[in-house]
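Positions in the sequence shown are counted from 1; adding 2 to them yields this note's numbering.
Please note: incorrect hints may appear among the correct ones.
Cross-link-like lysine to aspartate or glutamate pairs, in silico, EDC-like; alpha carbons within 16 angstroms at most [to be verified]:
hint, residue 1, residue 2
1, Lys602, Asp558
2, Lys142, Glu559
3, Lys602, Glu559
4, Lys142, Asp475
5, Lys602, Glu632
6, Lys602, Asp634
7, Lys970, Asp835
8, Lys970, Glu905
9, Lys970, Glu886
10, Lys602, Asp577
11, Lys602, Glu585
12, Lys142, Glu365
13, Lys142, Asp577
14, Lys499, Glu465
15, Lys142, Asp162
16, Lys970, Glu823
17, Lys499, Glu480
18, Lys970, Asp847
19, Lys142, Asp558
20, Lys499, Glu513
Don't read these hints as lab results, they were simulated from the structure.
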Amino acid sequence: MTDQYDHAQVQEFWQYVWERDEVAHLSDDAVDPTYVLGMFPYTSGTLHMGHVRNYAITDAYARYRRLQGDDVLHPMGWDAFGLPAENAAYERASDPESWTRACIRRMREELETMGFGYDWSREVTTCEPAYYRWNQWLFKRFYEADLVEFTGATVNWCPDCETVLADAQVAVSDSGGDDDHDHHDETRVCWRCETPVERRELDQWFFTITDYADELADGLDELEGWPEGVREIQRNWIGRRDGARLTFDLSNASSTAAESVDVFSTRPETAFGATFLAVSPEHELATALAETDAAVAAFVDRTRTREGASGHADREGYSGSGIETDATAVNPLTGEELPVYVAEYVLGDVGTGAVMGVPGHNERDYEFAREHDLSGETVVVPAADAADDVTSGPENGPYTDEGVLDLGTETDSEYDGLASETVREELLADHEAIEPDVTYRLRDWLISRQRYWGTPIPVVHCEDCGHVLVPDDDLPVELPEFVQTTGNPLDAATEWKETTCPDCGGPAERETDTMDTFVDSSWYFLRFLSPDLAGAPFDTDRANEWLPVDIYVGGDEHAILHLLYIRFVTRALSDLGLLDRREPVERLISQGTVLYEGEKMSTSTGNVVTPDEYGAETTRLFVLSAAHPEQDFEWTANDVRGAYDLQQTLYGMATAFVDEGTTRVERTPRDDYLDREIDRTIAATADEFERLRFHRVVTEIRELAVLLRRYRSFDRVHGDTYRRGLLTIATLISPLAPHLGEELWNILRGEGLVVETDWPSPATAGDSPTATTDAADTAPNVTSATDDTSATDDTSTTDDTPATAGTDADASTAGTEIEYELERRLVETTLSDVRDIVDIASIDDPERIELVVAQPWKYEVVAHLDHLDQTDGDAIAVDAVLDELEFSVPVDRAAVAEFVQREGDRPGQSTLSARRERGILDRASWLLIDEFGASVVVRQADAGAPTGRPGDAELDADELARRARPGKPAIRIE
């Protein structure tokens, strides 16, 4: 049998077997399956390394949960609509559908080559009429529930894509410039093609997501399984602000019929210091003033259309440009008339689109006032007990902290001298022109797109009836044949566009906008539950049982758009009576980025490594072992080589064992040690799988493989124990490298398929099955480098009540995580201490190593000390401790007192019992024999306290007994 693992030779066979046996198929009768989902890919044509990492994460977890006995839903589909396909069709003189379907075929082949275990019977494709019919159906239900609006709006327009962009689809690009005008150097560009974005007025369709703003914000606190970074991004995007709405009456504005302007402020008390009013270029007052004032009109037109201009909250930087109008506004608190400006720094979709200018208490107002030679007044000053370095006044810039109201000696006001927080509360109660208000950064979801390759909006426009919804029986409204043209191809599809009104039967035109593709992905996780259902978008009963998605994996670039939209749609569906749940995802994993030469892998920079370059198994094993799923990592050839070498090592171990077959039947204590380490690895990897820390799973597998190889080289192996270790490795690695797992399982003659086996069970219960009575507990055990028995059975005596400290774990239950950790720490610490002694003492060839386990009474003391009600720095009441303890054998009070004082300064930590420690060290003694070639003695110190004093014949033995502590045996090396 070859000892070289060739993934390419075995992958086709195992993939055939998995497909034949439908190992990833989930029955519709499954009860509450574990739902594992990776964000489905846009059909770009090839998988990139970000896809591989995403889907390797979900596949590993899905396979692990199947091993644990779960029914698992792990589907895959295609985010198949979108402008890139339309652009690709133009470039290739093709059509978007042909291009998209070719991309899907290539990408599915790549996914299958990688060995990802999807239930392909649930595959969905969003460009299929059978899918987007339900986009249209949901649009109608939302419309009927008043969650849809058709209204004119200033929108972001990409002239290259010739489509509207949502706010979050607009990026900011640094275009360079001089230092004096940095705010002009940031250009707003399309997130896909980086073309500068323009502003246009268009009639658009919106989903009114703002109706759910409070609930979406409040619900974030309950998403404990989501990264805090993603939740904070959504909080900031929703942007809830509590404050007040102040009404400023207008005067001397003959050109407008507006009588007042409302402003929002979180600090209404600073209105006493307002010196001007400013509105955004998009504000209705600016529009009205521009009709009769040419200078205002020119400014408004220039700021709305120039590159980088925006009336939206995503604009970064500051512009002090503005123009004074002939209007004035009356301050509702002072009665003073204030000049009214149209100012670019005022954002049309923040607050009311108007601000009261308070240069004394706002940074941007202060800068604008300086540029336009406007006065500023400081009306809130630091409290008397404020820090000395807190200053206020125009010469010091704006004062933005809390304080007390100071209106000067010329003003007689009941609020003068009150704390600013108190003034806010009283103003809300006293003034009709000031009302409590809440504003949001969030704006309604603009779903209209002026392009062909998307879901047609199911509306016809009739001159007599207005907007009329297409009847359900006529859904889906399918796309017409693609025709290459500039602008929106649906406008050019005359035969498709011209139709009759469903209400009056008269001539009408179809809506030529298509839906934002984020509509497609806002509910696709529901369609996976019942992909062939003909009468509804999803089976409500099944959705109520199978949701939420237990694990959802994708990039954090979707934190605002996709992840916010699926939360909104789920809530809307719940309010429509279609779902019980209001949150779609229980646990979210935001995968990190794969870097190459310090930069994100990208075709645009040419630093791409294709998944097939290193082979599917090596690639997926490396991306899982390189780092935690949420961390970025660097792709390096040397690290990839490590993943390849691990596969070869494991494969070689299995083939060598089967080919050579030299084993023994009789058991030795080292077999018990190996069984216990196998059990510990099983428990540790299960914990790491649950935490999705696959890199630590690989580390555990590597360490077990090293131990197995060392065990095999020490002497003949116990056949059943060694084979169990190899089968365990085959099982543990199968979620990460499934082809390798199946191959190892097959070589070792495991029953059935590893993908369908059960998670390994422990073989031990904390102690050797060869345990005997307590009689020999104090008898030393000597093991030599030539002694195959390694230890007598009496060293494995169990203790049903191991001492513990610093933990609430039930240490009497063998096999718990805490016990595994304590056992491993004991062995590793002891091995390290022996190495240190040999090194420091320059012992070239040790002949005998003696390990002395502490007396049982020390374990009783440690356990008792941990339960004392003691704070840091308190002295231990030694006499009280001695009086409270009842020892099973006579002890020397002076020795106990010394030990109590020494241990009282150590932090509490879990310990095993004396007999457990001795048994573990006995079973692990072969590791010392293997490393040093010396005989090893493991014994327990005398039950009583040492009595030797300098000059006594037993000094050495007493000194070892005195030094031995729980978890830290004394060591003597000859």
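Results of checking the hints against the structure:
no., hint, result
1, Lys602 <-> Asp558, "holds (14 angstroms)"
2, Lys142 <-> Glu559, "violated (30 angstroms)"
3, Lys602 <-> Glu559, "holds (13 angstroms)"
4, Lys142 <-> Asp475, "holds (12 angstroms)"
5, Lys602 <-> Glu632, "holds (15 angstroms)"
6, Lys602 <-> Asp634, "holds (9 angstroms)"
7, Lys970 <-> Asp835, "holds (9 angstroms)"
8, Lys970 <-> Glu905, "holds (12 angstroms)"
9, Lys970 <-> Glu886, "violated (25 angstroms)"
10, Lys602 <-> Asp577, "violated (41 angstroms)"
11, Lys602 <-> Glu585, "violated (32 angstroms)"
12, Lys142 <-> Glu365, "violated (46 angstroms)"
13, Lys142 <-> Asp577, "holds (15 angstroms)"
14, Lys499 <-> Glu465, "holds (15 angstroms)"
15, Lys142 <-> Asp162, "violated (31 angstroms)"
16, Lys970 <-> Glu823, "holds (15 angstroms)"
17, Lys499 <-> Glu480, "holds (11 angstroms)"
18, Lys970 <-> Asp847, "violated (24 angstroms)"
19, Lys142 <-> Asp558, "violated (31 angstroms)"
20, Lys499 <-> Glu513, "holds (8 angstroms)"
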